[in-house]
Structures are given as C-alpha cells and as structure tokens.
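Protein chains in written order, with the numbering used here: chain A, 1 to 511; chain B, 1 to 107; chain C, 1 to 43.
Please note that a few of the clues may not be correct.
As the list claims (entries may be wrong) - Facing chain C, according to a computed beta carbon distance under 10 Å, are these residues of chain B, among others:
#  : residue
1  : Asp2
2  : Asn20
3  : Ile21
4  : Leu25
5  : Ala27
6  : Ala33
7  : Thr39
8  : Val40
9  : Asn42
10 : Gly43
11 : Val54
12 : Val81
13 : Met86
14 : Ile94
15 : Lys106
Hints were generated in silico from the structure; no laboratory data involved. Don't be surprised by glycine CBs; every beta carbon is placed ideally from N, CA and C.
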Amino acid sequence: MNSVIKGTSYILAHAPDMVIHNGSTQTTERIVNPNSEYLVKLPSHIRSYEDALNYRPNQTYIGNMTPAELGEIPQPWYDKPMENGPRYGKFGEIMPEDEFYMMMQVCDVFDLVHLEKGFVADVKPRFTANPVISEDIAARIHDGIDISEIEHFVNEEHAEGLYYQDKLVGYVKRAHDVDVNLSAHVMHENLVSKASSVLALLYVVKNSGIDKSEVEYVIDCCEEACGDVNQRGGGNFAKAAAEIAGLTSATGSDMRGFCAGPAHAMVAAASLVKAGTYKNVIVTAGGCTAKLGMNGKDHVNKDMPVLEDMLGGFSVLISANDGVNPEVDTDIIGRHTVGTGSSPQAVIGGLVAAPLARAGMKIPDIDRYAAEMQNPDITKPAGAGDVPASNYKMIAALAVKQGDMEKAKLATFAKEHGMVGWAPTQGHIPSGVPYVGFLREQILNGEVNTAMIIGKGSLFLGRMTNLFDGISFVVRKNAGAAQAQEGGVSKAEIKGLIAEALRDFAASMME
Amino acid sequence: MDLENQKRVKELSEKYGPENIVVVLGAAEGEAAGLAAETVTNGDPTFAGPLTGVQLGLKVYHVCEPEIKQEVSPDLYDEQVGMMEMVLDVDDIISEMTSIREQYCKY
Amino acid sequence: MSLLKDKKVIIIGDRDGIPGPAIEECVKDAGAEVVFSSTECFV
Chain A
1 MNSVIKGTSY ILAHAPDMVI HNGSTQTTER IVNPNSEYLV KLPSHIRSYE
51 DALNYRPNQT YIGNMTPAEL GEIPQPWYDK PMENGPRYGK FGEIMPEDEF
101 YMMMQVCDVF DLVHLEKGFV ADVKPRFTAN PVISEDIAAR IHDGIDISEI
151 EHFVNEEHAE GLYYQDKLVG YVKRAHDVDV NLSAHVMHEN LVSKASSVLA
201 LLYVVKNSGI DKSEVEYVID CCEEACGDVN QRGGGNFAKA AAEIAGLTSA
251 TGSDMRGFCA GPAHAMVAAA SLVKAGTYKN VIVTAGGCTA KLGMNGKDHV
301 NKDMPVLEDM LGGFSVLISA NDGVNPEVDT DIIGRHTVGT GSSPQAVIGG
351 LVAAPLARAG MKIPDIDRYA AEMQNPDITK PAGAGDVPAS NYKMIAALAV
401 KQGDMEKAKL ATFAKEHGMV GWAPTQGHIP SGVPYVGFLR EQILNGEVNT
451 AMIIGKGSLF LGRMTNLFDG ISFVVRKNAG AAQAQEGGVS KAEIKGLIAE
501 ALRDFAASMM E
Chain B
1 MDLENQKRVK ELSEKYGPEN IVVVLGAAEG EAAGLAAETV TNGDPTFAGP
51 LTGVQLGLKV YHVCEPEIKQ EVSPDLYDEQ VGMMEMVLDV DDIISEMTSI
101 REQYCKY
Chain C
1 MSLLKDKKVI IIGDRDGIPG PAIEECVKDA GAEVVFSSTE CFV
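Here chain A stands alone, though its shape is the one from the complex (with noise of 0.2 Å):
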C-alpha cells in the first residue's frame, strides 16, 4: 500500500541583519566592492519585522492565506500589504529574527553560540511563550554575557557577530582554529539550517498530532554541508535537528540534490514506509542564510525592499497508509536522468510526460502541478521571470506538442492546472514541496484529486557535473477514501475523520 501525507509545517524566520551580514552577494561585494553605492544603499531597504508579516507571500507559506487567493492580488505584491498580517498561521510561524537567534542557542551543543545578558532577558520570556517551545527546549537556553566579550570573540577570534537592529546582540564562533569547515561562517550557517529546521519538526509533530516517540526516521534535504576536514560533507542534519525536536526514537540521514532535494527525500521516505521499514518518517529541511538578499542588487536598483529576508523551512510527515490521507503514489515517479539530456523540453519530457504516458495518463489528467514555487515578486525584478510561469507553460506547450491537449487551452493551463509561486528563494525550500500542505487540505476537502509535485535542481553549480537534475511524483486521494466514498458504504465515517482532521488544523489556528 501506497504510503500517506499525514502532515506538513512551514514555518519562516525573519533574517534581516543577516541580509546584511551573511548573505553571499553582500559578503562578496564587501570584499571585491567595500565602498559600493549597493552597500550604502541597502539598509534602507532592508524590511521590518511588522512589513514581513503583512506580506502576503509569507502568510501563504504559513498557510493564511491559499495559493489562489494569492493569485487574485495584482501582482507585484510588495507595495499592496495586508493589515496586521498574524505572526501564526495552520502550518507554521514567522519568527522574529531575535527569537530566531534564541533557537540557533538553544540548537546549539558545542558552546559556540553566546547571547548578550540584557538580550537574553528580553527575549526570553517571548520565546518561551511560544507553543512549540517545549520545557526541555527552554531548558537549553543559557545565561546571557557581557557585550565586551561578544566584542572581543567577533573582533578578536573570528566570530561571526549575531546582529539586531543593527546592533551586536551575540556571536557565533568557530569550532576550530584551523579547520575551515569549522570556521564560525560555515558554524552559523549550519546552526541557521539546523535551528530552522527543528522549529519546522516541532510544528509539524503539532500539526499532525504525532507522538514523537513513533517518529522512527529523519531525512534532511537542506543544500548545506556539516563536517570536519576529513568529511566535510560527513552529516547528519537529520539527526542532530531530531535531537533537539525531542525525536528519541529516530535515527535519520541527510539527502542532497541541490533545489531537487526535498522531492528526492519525498520519494526516499514514501518509499521507506511502503516497503514497511519504518511507519512514520520526516522530510525535513531548514533555511540558507548564503541566499538571503542574493538578488538584493536588483531589488535596491529598482527601489524596492530587498524581499529575500526570510529563511524557511518545512517538515512533511509520511506514514503508513491510513485509508484517509492523501497517497504519494510512488508507481509514477518522473526522473531527469543522466541520459536524458538538457534542453528545456528534454527535462519535463522526462518529469512530467514520460512517468504519465507509462501510466497510461495524459498531461490534463493530473489536477495540479507544483514545480519550482519561487515568489514572481522576487525573481521578476532580478531577471529570472516568473519561474512557476514558466514551469506551467512549458508543461501546456508539451502537451500540446504530444497531441495531449488543444493549442486553445494553452492560455488558460497555468490557470487551471496551476497556481502563482509564494516561497522564498531559499534554494530547496521552493521546490515542489510548500504546495504539499495546501494539497493534503485540498485532497481531504475534494477540490482536488491528483497532483504532480516536481523538484529541479542545478547540480551544475557543484563544478562536479554539468548536467541538471529532477525528480517527480504524484499525490492522489486515498484509494480507501476514494472506494468508501463511491460506494457509500462508510462514507460518514470517512467524513467524521476528514471533520476531525480540519478541526485539528482549526485547532492549531487558534493556539
């Protein structure tokens, strides 16, 4: 039996210090441009905590608002906010950069992170207040220490300095003197993975209602590389972020494939639990602070906020089939592989139309699609298009190419079979998987019956190979649900079940 989506989280934190500080484009324009015109510019665009919130792409990861009512806001969308946009939603949190420094400290277990005292006191009670900061996790956080020695760590050790409102709050040090894997950059921006990646696991053991104990397996799909000079890419984000979320049970490992990530881990893991190894397994992956402000340049030429100043992160649950939620049918499964080749239509031949056409199926056949789901606002100004537009129109002109569907509908396909993108351009985090927590709603409520999720990824950024990747796979309506519900025979009792699943969402709304 096909194995379930039994439940997701999405959750974001608000990064724009480390705009400032960590982002790549603006760590590389201070060394190869230190007096640029974009660096002295840029804090004027850097957004405030209240400007995230009320962005609607960001309420929409979160789960406040869908895809489609999205949609109907002409774009772009960062000068139409919406008013006071909730920091909760069903599947997740935006996080307030200083609390967000609070989980990197509480995620940390090697000493490497030190908050300063009058900080710690008055983040403290806010981040204990939230309702997946467990007590073992309050536990974690330490005292705070004096700002001389916050300074003397960042102007004499190598720290790397922790910043709110532009002001030094903390640092982040480095795990050796000599080791650059442990050097305090790659510490910080693997705690910003880890921490991110623990706030989505505690969610998504809310959301689902999960015991934790029953979690058996962790699979890691973030692009980030944690170990020491003799395995610089030893791992396992999987486990240590399992640590903290309180996962006693599970053991987990890390999957890499660029922005194809998430979708591989998805296969991996549905298929782990339908061969019966494990009942309950958890994709997981945090946030990139390398990308945050990557198209800050663009932004800033055109007056804009610099809209790449959230980190995010989501978790899926997979478990063993429960005849109620949605299915990852794991017998069409689409695969870029290495013979297929790079051209533009090569590769969604090979995800979306050649898995289709072995199940007997036609591109209109499939409900929706969820590609790569990056935010229009943020790729357009910085000359990438609109990439899910663009997803959508090469999957209608395939179709239409193989006779699948008439010229006629070409227009409207992106429409019917599609949506706009909402995720941040964290690398993996847009791809395919933020549509799953909006799909698994929509499968139990019977809006939708079919969709095929895709994850691309660049694999030729590694320097190792010049070829792309991908992965695709479809979710269906439970056959059991689908069976009971033709039939009539216990049709009360399914809907009594998806009643109790939507009451459970409703739920931890209102927490």
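Chain A is already provided as a structure; the job is to place chains B and C on it using the hints.
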C-alpha cells in the same frame, strides 16, 4: 553575471582575440539578457566582477535570436530550444540584445 | 558570412531560460568550437 564566468570571458578573449569570440546567452528574460550582453561588451554594469570597466565589445547573441537559429539544423534547434521559444518573450529578448549590440559591439 | 562557423564560442546559459548544454548542441551543430560553457542560476 557570475564573477567566475566574467573571469573566464576575460581570459578567453585575451587568449583567442576578442574578434574571434562569439558569446551565446540563454537568459530567461530580455532585461537579464541585456545585462549579460552589456557585461561582455561595455563592462560589468554592477561593478562587481573582473569585467568592471573592461570594454571587450564582443559579438553577443541570445540563442533564441534569428542570427543563431538560422545557423542550426531545424530539427536539432527544435529539439533543444523549440519549446522555450513558446515560453520566453523572444521579441523582448531580440530588442534588448539588438540595442546592446548597436551601442557597444566592436566586431 | 557565417556567424558561428569556426568561431570560438563562450556560452552563458540560464537554468530558467536555455541551459548551457542545450546551447552547446546548437552551436556545435553550426560548426563552432565551444571554449567555455556555463549555466547561471538566479534562484
């Protein structure tokens, strides 16, 4: 344009002579194509890379432009680029590229 | 006169446009020598 790519463009122009080089782009939008074309003709407009202030004036085309398309076998072109012709705004790309070539191309 | 034949070609492809290897196939077919091919990624 990526800093490493700028470095390679500069080195290869010196090695082979700028008059012998043709740069072919695959950018997704007219504006991005124009920026890349400007970088290899008039220098890096973002003042970040090795081509800052370097006016190579190279011949530069987008792969979707007719000048490139007419030199490739139709079947192969269709296989590699055909679908993207339907997806990209080719007219916008052509107008951006033409404008940059008219201003800065030396060959 | 041919634009590409016997010329040295530098390719800057785009992950969300036409990637480098697809452009390579085209310009090689036109008789050019590819001296560098790369694909950029903005996302």
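Okay, the hints, checked on the actual structure:
no.: 1; hint: Asp2; verdict: holds, 6 Å
no.: 2; hint: Asn20; verdict: holds, 5 Å
no.: 3; hint: Ile21; verdict: holds, 5 Å
no.: 4; hint: Leu25; verdict: holds, 5 Å
no.: 5; hint: Ala27; verdict: holds, 5 Å
no.: 6; hint: Ala33; verdict: holds, 8 Å
no.: 7; hint: Thr39; verdict: holds, 9 Å
no.: 8; hint: Val40; verdict: holds, 8 Å
no.: 9; hint: Asn42; verdict: violated, 16 Å
no.: 10; hint: Gly43; verdict: violated, 15 Å
no.: 11; hint: Val54; verdict: violated, 14 Å
no.: 12; hint: Val81; verdict: holds, 6 Å
no.: 13; hint: Met86; verdict: violated, 13 Å
no.: 14; hint: Ile94; verdict: violated, 14 Å
no.: 15; hint: Lys106; verdict: violated, 15 Å
In summary, the structure is inconsistent with hints 9, 10, 11, 13, 14, 15 from the numbered list given earlier, while agreeing with the others.
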